[in-house]
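Novice: Residue numbers (this note's numbering), protein chains in the order written: chain A, 1 to 386; chain B, 1001 to 1309.
Keep in mind that the hints are not guaranteed to be accurate.
As the list claims (entries may be wrong) - Result set (DSBU-like, lysine-lysine): computed pairs, CA atoms no more than 35 Å apart in a straight line: (1) B:Lys1238 to A:Lys208; (2) B:Lys1121 to A:Lys117; (3) A:Lys201 to B:Lys1249; (4) B:Lys1072 to B:Lys1121.
What the hints assert, rightly or not - Calculated from the model, a selection of chain B residues having no Cβ within reach of chain A, i.e. all distances over 10 Å: (5) Ser1028; (6) Val1064; (7) Asn1065; (8) Asp1131; (9) Asp1150; (10) Val1165; (11) Ser1169; (12) Glu1184; (13) Ser1197; (14) Thr1205; (15) Gly1213; (16) Ser1220; (17) Asp1259; (18) Leu1268.
Said to hold, decoys possible - Ranges of calculated distance between the beta carbons of each label pair, as one might list FRET restraints: (19) B:Gly1106 to A:Asn67: 53 to 61 Å; (20) B:Val1090 to A:Gly140: 39 to 47 Å; (21) B:Gly1106 to A:Ser285: 52 to 60 Å; (22) B:His1269 to A:Lys200: 43 to 51 Å; (23) B:Asn1235 to A:Arg206: 52 to 60 Å; (24) B:Glu1247 to A:Val254: 44 to 52 Å; (25) A:Gly140 to B:Arg1109: 53 to 61 Å; (26) A:Ile348 to B:Pro1096: 44 to 52 Å; (27) A:Arg195 to B:His1269: 27 to 35 Å.
Bear in mind the hints are in silico, worked out from the structure with no lab data behind them.
Glycine included, C-beta positions come from ideal geometry on N, C-alpha and C.
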Amino acid sequence: MGEFINFLQSNLADFWTYTGFYNATYQHFIMIAVGIFFIYLAVAKEFEPMLLIPIGFGMLIGNIPFNMEAGLQVGIYEQGSVLNILYQGVTSGWYPPLIFLGIGAMTDFSALISNPKLMLIGAAAQFGIFGAYMIALEWGFDPMQAAAIGIIGGADGPTAIFLSSKLAPNLMGAIAVSAYSYMALVPVIQPPIMRLLTTKKERLIRMKAPRAVSHTEKVLFPIMGLLLTCFLVPSGLPLLGMLFFGNLLKESGVTRRLAETARGPLIDTITILLGLTVGASTQASEFITWDSLKIFGLGALSFVIATASGVLFVKIFNLVLKKDNKINPLIGNAGVSAVPDSARISQIVGAEYDPTNYLLMHAMGPNVAGVIGSAVAAGILLGFLI
Amino acid sequence: MNKYIAGIFFASALLGAFCSCTTPEAKSKIVINEVLVDNQENFQDDYGVHSGWVEIFNTSYNSVNLAGCYLKVSSEPGDTVSYFIPKGDVLTAISPRQHALFWADGAPRRGTFHTNFVLSKTKDNWVGLYDSGRKLLDEVVVPAGVLKTDQSYARVSDGSDEWEVKDDSETKYVTPSTNNQTLEGNPKMDKFEQHDSAGFGMTITAMSVVFIGLILLYVSFRIIGKIAVKLRKRNAMKAHNITDKQEAKERRLGEAPGDVIAAIAMALHEAQGSDHDVEETILTISRVKRSYSPWSSKIYTLRENPHKK
């Protein structure tokens, strides 16, 4: 009997070593708190809930402590575990192009086609990427890591994940979480910079209404967009190819079912898997480092630089534009590719100064150009550094 | 005038593109990468024997299977020996940018990678690699007399065009089944760290490329937009039976200002909105009618339950 009780005791003691309570460290609790904060932001503040809910909950999943030496195959970094299998889409970089397929199928490029000069704002805002790249180099990261961190300034989660999975896989969790966090915080980060860099007169500029765009132009856009950008930067092919393909599905008018699948069930499925696994990849043991903290700092800086460069570019651009063709610099912030949030910010800030001035459709131009621009920038970095 | 500008733009773009194009030479994915003729103290096979060897390299970023290919060797005209690389051995699949080593020991019964020929130590050795359709993929002549014992004749680096004698010196070493030149760092990264430690060069280059890409799109769609507007005006003139351009301009034919479109959209929205119940408490169920398609047919998606007997 005594032996049996000893057996039970040792069994229970063994079991205790497998529990989360036994294996927990303070880092786990920090990450769990961050996850809960993300869920709070999504539910209470409605900041990018589609992203923050999966990422936040993924953080909870990824930070349940367990005995890592037991070979339970439950952790995301344990080969063969379910989470690890789902994470392959991130590490091999095939989730982001599928997300781009969906984005292409849901994006209307009409605003850009009707006023193509807005594309240049999308290009100017990419300075955020390279500004952060230079600062990251200064802070001691190597060029590949600096490029992966800099891409946060593109404000494009899938692109950030795609590039970091190739250039700096060890920093991918921090980069992805940073990119998505700041995308969710666009309503907080951008307005003060926009107000700071513009005069009241500039904020009241009314832009010419966009012209109607024909079906032929809409069909031509993805085809020419693909050929022109990918002949220039073939390394951007996975992202740009899928983006323009998705857009052709939408605009061709004859593949409605495919377009609906791409912008509906497909992108939803991939968003769930991507968000959850990116969140789970923030396992405390891998995530809580000084580098992660630096990445968060650089991410914020890159957003600030991108927003400022977009706004300042419009101001400079206006110097050479005719009086009736001037651009409201409040749409400069939309050059970052956080679609459609940054365009919405242009509208909201613009409406504060003139409620009858509708900037949303104009801001969508640089906004979608930003998607193209950041994918091109990612392609360039990949081409140069890999 | 615009048509001419468009024409000139596209013609010059096409001309530029064609001029910058190079005619790619049909290069084989698998090449002979290194040959060692006289093996005394070099790499030994799994039987512990020192024999000459031929290394094949997969230059592509995809797996290539050598099964069914032929390795041929000749040291005199007319004495060509042909070795058929057997099928059914998974090891004949070479991973991307990896190597396969064939022993020139004349003992094919020892396994897939042991050939039926030996290399001549006194004469030139011609080595050819053929695909299963007997098409020559790559060939090399290993000159006699230049190779000493345990020295190999190899491409300077994997898959490169230049060959050299690997004499096991500091920079030229014999490398069976591995890279002909070992990289001791990341040259691209080193270049950036050396010449562009602050990142200005990368920023200027990359931003220029981003701008060029989007400027190209801008120019293209500016031209396409102008053509589209012209076409729309012409179609509107046809529809209204007007030939005078001035009259068409005055009547603003083909133009659809945003405010007009917005007014139409709002009117449509209101009209459609009035079809529905306003009261929150009333539930309206619309009958959805879908056209038949075999893809969505229930008959094809139903599973037959097992019959009870």
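Novice: Where does the structure disagree with the numbered hints, that is, which hint numbers, in rising order?
Specialist: 2, 13, 14, 15, 16, 17, 22, 23 and 24
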